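For reference, the chains in residue letters:
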Amino acid sequence: MTATLEVTELRKQFAIGRPAIDGVSFMVPAGEIVVLLGPSGCGKTTTLRCVAGLEHPTGGEISISGRVVSSPGRGILVPPRSRDLGMVFQSYAVWPHMTVRQNVVYPLKHRPIGRAEANRMVEEALALVGLSEYADRPVVALSGGQMQRVALARSIVYRPQLLLLDEPLSNLDAKLRLRLRDDLRVILKQTGMTALYVTHDQAEAVVLGDRIGVMRDGRLLQMDKPDTIYNRPADLFVANFTGATNELAGTLVACNGGYGVVDFGDGRQGEVALLHALGPDDKVRVALRPENIAIGRPDGANTFAAKVLDRRYQGTQTAYSIELFGKRLEAIELGTAARHQVGVEAPVSLPRECLWAYRDRGPLSHD
Amino acid sequence: MRLQRGSALHGQADRRSEITRGAGEGAGRRVFPRLWVAALLALLTFLVIYPVFMLLLGALTDTNPVVDGIRLSLSHLSIANFLTVLANPNVGEALLNTLIACGGGTAVAVAIGLLFSWIVVRTNTPFKGFIAAASILPLFAPPLVAGVAWAILGSPKTGLINTMFKWIGWDLHVDLYSMWGLVFVFGIYYAPYVYMFTSSALRNMDPSLEEAAEISGASAFATLFTVTFPLIMPAIVSGMLLSFIVMLGIYGIPAVLGAPSNLNVLTTYIFKLTNWSPPLYNTAAAVAILLMVVTGLLVYLQQKVLSGRSYTTVAGKAFRPRSLNLGPWRWLTFALGVIYLLVVVVLPLLALIVAAFRKFMFIRDVASLFDMRQYSLMHFRSIFDNPLTLKSIYNAIEVGIITAVVGGALAFAIGYTIHRTQVTGRRAIDLISTLPVAIPGLVVGVAYLWAWIGVPGGLYGTIWILALAFIARFMPDTVKALSTSFMQIHRELEEAAWVCGRGMLSTIGTIVLPLARPGVLAAMTLLFVLAIRELGSSLFLYTSNTMVMSVLLLDYYEGGNVGKTAAFSLVQMVLLGVLIGGANWLSRGAAQRNVTRT
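Chain order of the listed sequences is V and D. According to my numbering, the first sequence is numbered sequentially starting from 1. According to my numbering, the second sequence is numbered sequentially starting from 1001.
No lab work stands behind these hints, which were simulated from the structure alone. All values reported here derive from a predicted model rather than from experimental measurement. Note that beta-carbon positions come from the ideal geometry of N, C-alpha and C, so glycine has one too. Watch out, some of these pointers could steer you wrong.
Sample of chain V residues facing chain D (criterion: CB under 8 Å; computed from the structure) [said to hold, decoys possible]:
1) A52
2) L54
3) T58
4) P80
5) R81
6) L85
7) G86
8) F89
9) S91
10) A93
11) W95
12) R101
13) P107
14) H110
15) R154
16) C354
Using the sequences plus the hints, can you model the full thing?
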């Protein structure tokens, strides 16, 4: 019932401008949830719509369960209705002129399924999303979160082989978004469906995805398990987009397996992790998460003197601006106590496995 | 929900600013709003209430309230006259014919309008802009001219279409002097009303609603009928009702196509009644009331549909239009657009040109159609030899200008009072100024006739009665058009001027009017054009001194000379084209100046 999705060298060129998708390849094994994550305009939604068949790629190939559904090179283009997939839209796209039940039963009416069987499937789907009591209400009488549940029920009621979700939570308010996000993963895992999920929200991606693919400018930069994305980002952009917003520039002076020594200027040297091949004398940029900066705890080799410039108390955590090597960095300390005063000099330690060095490709590339 | 909250906030802001202004005003200033409202109400009573009241009185008596005195009329007041008229089989027949012709015409209009809005908004048909333009072009054709053109094309004996059929050897015969002809011509010329409603509804619809259906397994065809059309149903229904309402009040088309076969609809029947000798004014008034009631019911229905929940206006979000790839079929949809343009514009225009320049309308065969010796300017010479022709053009333009200036100013005053002030009595002003929506032009004409015919030294026989009737008739459209132009100006711009110490009138003069100028000019232009081509209400109000173009055209037609009729139709079309183009150029210039200034 669930299927693998294979996207090979996908390309989409609109009439003008750079390609919206520029050679994207990935595979989603049966039963896995893959999240495409990236800023707006990165091509993630276009990729999803190509898989759905709503957008027509200009190059590459898409196959679902081994069946090629899009291959402009071979002249293959299977229409959306014959791809046997479900899709949840950002704007819900529930039909306002129908009741909840009419919405959910709609896909079954276009399939050879008996009425009794169809009713059973509708009940099952509605129970799964927790809307059994609302079956006969007009959808316009529901809240946004409930409408999105209707959309979800509608897209899974016929047990499609692949489920596509296009920013399904971004129209909901923050509290609802958190709840539905957790529910969504449970429901998806319960049905065991293969799913491709598109979002710009990294927290959503981490919670929902078995694997996350980070996209930018039509290219897939990295596709890995969430903890790999968070702990070993493939490049500066992925690091920055997933929250490693601090950056230090330096020159690599020595390499030693997975680690190396970087000179940050004025002879201040520190040990960093090398996530891709670099050699001595390479200019590097080092990305660092605010959470991984420990203030006032001299610990290990990478301990430097820093100055606290600013403090913003946020309740369960405190954000500090500190000055290190003449640069302003952000640091976050968890806990309800704000321990450091503005203006004090304090040692900070930077664990070497949290300092990721990348080749310096000129001015800040992610802006 | 969010929207409601927004407007509630607005309401609060309005009230607050009202209070702050009220506090600083002296006693003398508090009198002014009341005087203002009283003046507007008096004006509206004079323009709308009094004529309609007289019409009603006329329908309910067998005397003339103006000539015989109101007291006598009131003493003769009874429903009997009205009931006698309703029981008249001729009235019943006219009503039935009206409903069939307008119903059939509406069905055709919906089919065409819906088809073209789908083609333009939802497909990849080539030259869509051209088809979109063609779809609203018929709005500019005066009904009488359209009727005359189609009479030339489709008359059963001498019609150009039948001549062509005979020449090709097809055993086909069309007869547009029939109910079918009426339905056909109504349908093709009033499709734009449906098109305008449905195309904007389609454009505002979230395309993912249709995509969801397709993903669910529905074919493009099934999607269209289970999702797309049900979703824009409110727009379809209100476009449908509007085209029906407009058709109800049309005189020119049924007058031309119905008369030869003695096919009467309510409008033509009313005119006939007033043209008999002695004229049956009371009966005419009663039938006019009947027409007004039918129209009023439909207007009420349309308002209900419009105010009902509309599915398509979800958010102020702009959607990327979704266009269906039709493949080679897109040339078929393109061809449909071309055919429509051909039928609505090109063929009628050619027919008018042939008839206007040809010495005799008898065409033996196609060879004689291209025989240049048969053509001359004699019809043009003959119509311009008639002093009435130039006079009617002059009169029409004069009436148009008076209507545009006076009507525009009045509509601005009304719109501003309704939408931007809190004076008591503005609801009444709103109600009375919208009333004419439900009164067809012809009925306005009859009502004004009743109201002024016997008043000595009064309006009747002057150019002003025409202008006033037009102002009353087009008041709702003008107020609406003008209101949108200044509703876009943010209230705070005005409040800023008040804070700077300006009074209300000075604020209007220095802030509102300059900013709203393009919209005001456009609304006045529209009013001008509408006034120039108006026939229905002119029919009852002109005298030989105040003859206007549209009436003279009908005169030529009824005189039986097709050549002169066609020639004058062309003159009218060219004139209208020049006037619309010129006015457009003027208001666009104003708009551009405005843009460069801000």
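Violated hints, by number in ascending order, as checked against the structure: 3, 12 and 16
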